[in-house]
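Enquirer: Could you put the whole structure together from the sequences, leaning on the hints where they help?
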Amino acid sequence: MVQRRTLVGVFVLILLLIPLGRLAAAEPYEELRRSLLREIIENVRTTSRYLKKSSLDEEVMVAMSKVPRHLFVPEAYRRQAYENRPLPIGQGQTISQPYIVAIMTDLLNLDPSDLVLEVGTGSGYQAAVLAELVNRVYSMEIIEKLQSSAAERLKQLGYTNVETRLGDGYYGWEEHAPFDAIIVTAAAGQIPPPLIRQLKPGGRMVIPVGSTFMTQYLLLVEKRRDGSLSTRQVLPVRFVPLTGIH
Amino acid sequence: MRPPIFAVALLSGAALSYEILLIRLFAIIQWHHFAYMIISLALLGYGASGMFLSLGREWLQSRFAAAFLANGLLFSLSSILCFLVGQQIPFNPLEMVWDGRQLLSLLLLYLLLALPFFGAANCIGLTFSRFTAQIPRIYGFDLLGAGAGALGIILLLFLAAPLTALYLIGALGLLATAVAVLESRLAPRWLAAFLVVLALALVPILQLQKIPLQISPYKGLSQTLTVLGREVVEELSSPLGMLSVVRSPLVPFRHAPGLSLNSALEPAEQLGVFTDADGLSVITRDDGQPDSLAYMDHFTSALPYHLLKEPRVLILGAGGGADVLQARLLGAKSIDAVEINPQMAELVMNSYADFAGDPYAAQGVRLHIDEARGFVSKSRGRYDLIQVALLDAFSSSSAGLYALSESYTFTVEALVEYLRHLSSGGMVAISRWVKVPPRDGLKLFATAVAALERLGVHNPGQQLILIRSWQTSTLLVKNGVLSDQEIKQVERFCAARSFDPGYYPGMVARAANQHNQLERPYFFEASSALLDRAGAGAFADRYKFNIQPATDDRPYFSHFFKWSSLAELLSLGAGGGLALLEQGYLVLIATCVQATVASLLLILAPLWFWARRETRPAATGIRHESWWVVSYFFSLGLAFLFIEVAFIQKFILFLHHPLYAAGVVIAGFLFFAGLGSNLSSRLSQKNGLQSVALILPVSAIAVISLCYLFLLPSIFQQLLWLSSPWKICVSLCLIAPLAFCMGIPFPLGLSALASRAPELIPWAWGINGCGSVISAVLATILAIHLGFRAVVIAAVALYLLAALVYPAGKKSV
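Line order of the protein sequences matches chains S and Z.
Those letters in the first sequence? Residues 4 to 249, by this note's numbering.
Those letters in the second sequence? Residues 2 to 814, by this note's numbering.
Mixed in with the good hints, there may be bad ones.
[Stated by the list, open to error] To give an idea of the chain S side of the interface with chain Z (calculated C-beta under 7 Å), a few residues: (1) Ile92; (2) Ile146; (3) Ala180; (4) Pro196; (5) Tyr220; (6) Ser233; (7) Gln236; (8) Leu238; (9) Pro244; (10) Thr246.
Honestly, the hints are just simulated from the structure, not real lab data.
Being a predicted model, the structure only gives us computed values, none of them experimental.
Where is the CB? At the ideal position from N, CA and C, for every residue including glycine.
Expert: Here it is as structure tokens:
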């Protein structure tokens, strides 16, 4: 226990010392972002049982610390950009809660060489976090306005390793398939078979399930080496439905 | 001057129609449970009116004509304007847990929408104060008008779009004001003529503006329309909901809940049908090729067709026809499809019959427009399979938004009814969304165990199967013991589709939780525990969600909230605990708390003002009278609605349609109470008879209500065979004596007050209004926890309390 706390403490210290490279010089959001990361670390620690780990991968947290979330939300919401909550981005869509973004990214278990497909670009925030972790991210969006603004935003922020496209995510992105990981951030009524086909054996797919402002749970689809599938329903919270079981 | 009784009736009817219409409108632009909260609080305009009239009584009395006209106009114009302005307020209930500023928008909505009710209540309260000798008659017309309004709005919503109905209600307010001008000579006749012309011109003028409903951008319909090429091709509206049909030529709908991950098949072309701008269901294209629909064999709901050969099927909740297509595909011999909404059936049978392959006209298929439970109760047929479709949308279901909705489809009694309509070896199949941690599936399992036990089955576990995909679960209840062969078939079915068995007779733990893994094998653990008679109760107690079966007396299947879990969920906060809170119930509690606090303020504020005005001669009288006035009129406000709400629920089981039951019961209660009130005018005029006049009806209310609790179920059972019009007649006959008596105490109290402290009449009117508002909310809370019987018993106790505090003839001042 002491060891774990020490580790978390050291990790927080590292985070606080990380230079926030991509941000502009005037950085009123720096401290807010650190504080958000501390909150995520704490939340993860209390959720450790469900995630089967006491902290998220360090690389994921570093990626989260680098992406300027305030530049992915509408002007009117900038002051709340580093609150641990989803925010509206127009078109009835939201930018996910940072805590959920961190957990989903972690569940993908990424290597830098991995090829990642995102279905539902939205503001581009999740794609940016992924882009900090892997060499190549492909992201699809079905709503034209969101796709064009996200593409522009990602370009301005220098995320040259993200390619976005307007299109129906159901069929995936055949010419770049297969993918090591797929993240479906748009609402999914079902898991599209073409996406499953485009997932490499050993690959992982993550889908948040719930309503616009509230993720109920995360669905992790794993494709085994033999091509068979299994799903895991991960509750992003430490909650056991029976009293007396811990 | 004559009292404007016809105007009072018209305004009262318009106000009640407006209340029901607002719930409809807000259910479309927002969500139903928030609609309920907003309108409940806005109704406190009645309470505010009491306070306003109490404080300004003398000033207003001397200007009765102007005050009545001004408030009539206030209702007429604000009823339209306040909604149109209100729908521009950027209130997003989904953000409430994240953003405290939403509360300000909510408060603004309350205040805005309270204004029309304030205006209408002022007109009625002013009339009471001004014509104290005729209070029972005025109240009688108030009730008769309200009764007509309740029926009128249901009819109107079948004929007109909700916004047109809104304009018509505004126009009705203007006509009522014109009628007041004529019948009480409040102003020159030309003003009445002007108001009539204005009323007639108002609707077409507003219609020409083509003002749209501002539907929340987070509702399913709004979101779906952001996708390129999607458009609404048809919109139908009725009191049952607004149906929007959406075509999506570029990006198809692929609604296939619970589809096996092993299925590589793409769903057939679909038209999206949104109810109240949310809750997607679909009309599926049937091109006659079985291959196009082959994916329907990969749902959890397909299981019974693998266990039954050429079954005679009853589908409850047929909607767009997907379950009918599935039944035909999988070899059903005959299909009876039951759908409650005639407009939904109309879409499938007429507008899109070619597209959908006219499934309801296919050989062996019969469509019945009816409520599911009611159809089964009346039916004399027996079925091999009764299939209950996935009836609600996942996002609303998972957020617990249905906690407030009564449903008689999933109660223990309903399952007993379904099982009685099965042939030997037949099955009931019910599919639900899977939530994490599980709720619906487990509650349904517990309900099935209870139903089988009620039918005298000693070993219910031998007749139950529960399977699940990552998204849906299907429960099978067999009328008979499951065979080894059937169990093997279940295993094969699940293995081929990567579904997980949750329970079947003889299942071992290692068979659970293989493909779609939950943190623990909850379904298997819970179903095994629920089958253990000794341990089932303890398990349900230990489970952090409410999985006790729903019953006809407590028909809240979707109520999963437990107070004991609240602290833990709140402490988990942004880490994800908020997502596990069942919002519907919490909104109900929040509504009750807010209404109670606001009512207290509204009731106490006049007392505070009067205490400061020490020079008032009536101050002593007020002190003497205030206690009985508060307890008497508040009790009556609570009790009247308690009985009305509880009997609406009881009559749903007879009339079988929530809408018609509500219409008949509300209108019946108000109409006969109005007659009772008119009679009480004679009683109140006879001095010395007032106490007796109260004791008699209160005793009758107590006796009739309590008798009904025990007698109604058997009366209804005996008369189930009657046709609907006769059922309505019987219902009205049953309601009449009770409602007649319920119409007496309120005007009698006001008449007593008129002779003792007339300045308190508006205050009493406001107190009664506050009581009514709290009553509707409190009745639901009581019913959730204790059942509707308890609501009726509480109402009787409140009537007795009112009789006890009623002053026995003596004057205080």
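Enquirer: Does each hint hold? Answer for all of them.
Expert: Hints, verified against the model:
The closest approach between the C-beta of S:Ile92 and any C-beta of chain Z is roughly 11 Å, which is over the 7 Å cut-off, so the hint fails. Checking S:Ile146 against chain Z by beta carbon gives a least distance of about 5 Å; that is within 7 Å, so the hint holds. Interface restraint check for S:Ala180: the shortest CB-CB distance to chain Z comes to about 15 Å, outside 7 Å, so the restraint is violated. Nearest Cβ of chain Z to the Cβ of S:Pro196: about 4 Å, under the 7 Å cut. The hint holds.
Taking 7 Å as the C-beta contact cut-off toward chain Z, the hint placing S:Tyr220 at the interface holds, the least distance being around 4 Å. Against a cut-off of 7 Å between C-beta atoms, the interface hint on S:Ser233 holds, since the closest Cβ of chain Z lies about 6 Å away. Look at S:Gln236: its Cβ gets to within about 5 Å of chain Z, closer than 7 Å, so that hint holds up. With 7 Å as the threshold, the beta carbon of S:Leu238 comes within range of chain Z, its nearest partner Cβ sitting at about 6 Å, so the hint holds.
Taken as an interface hint, S:Pro244 checks out: its beta carbon lies about 4 Å from the nearest beta carbon of chain Z, inside 7 Å. For S:Thr246, the interface hint holds, the least distance from its beta-carbon to any beta-carbon of chain Z being 5 Å, beneath 7 Å.
In summary, the structure is inconsistent with hints 1 and 3 from the numbered list given earlier, while agreeing with the others.
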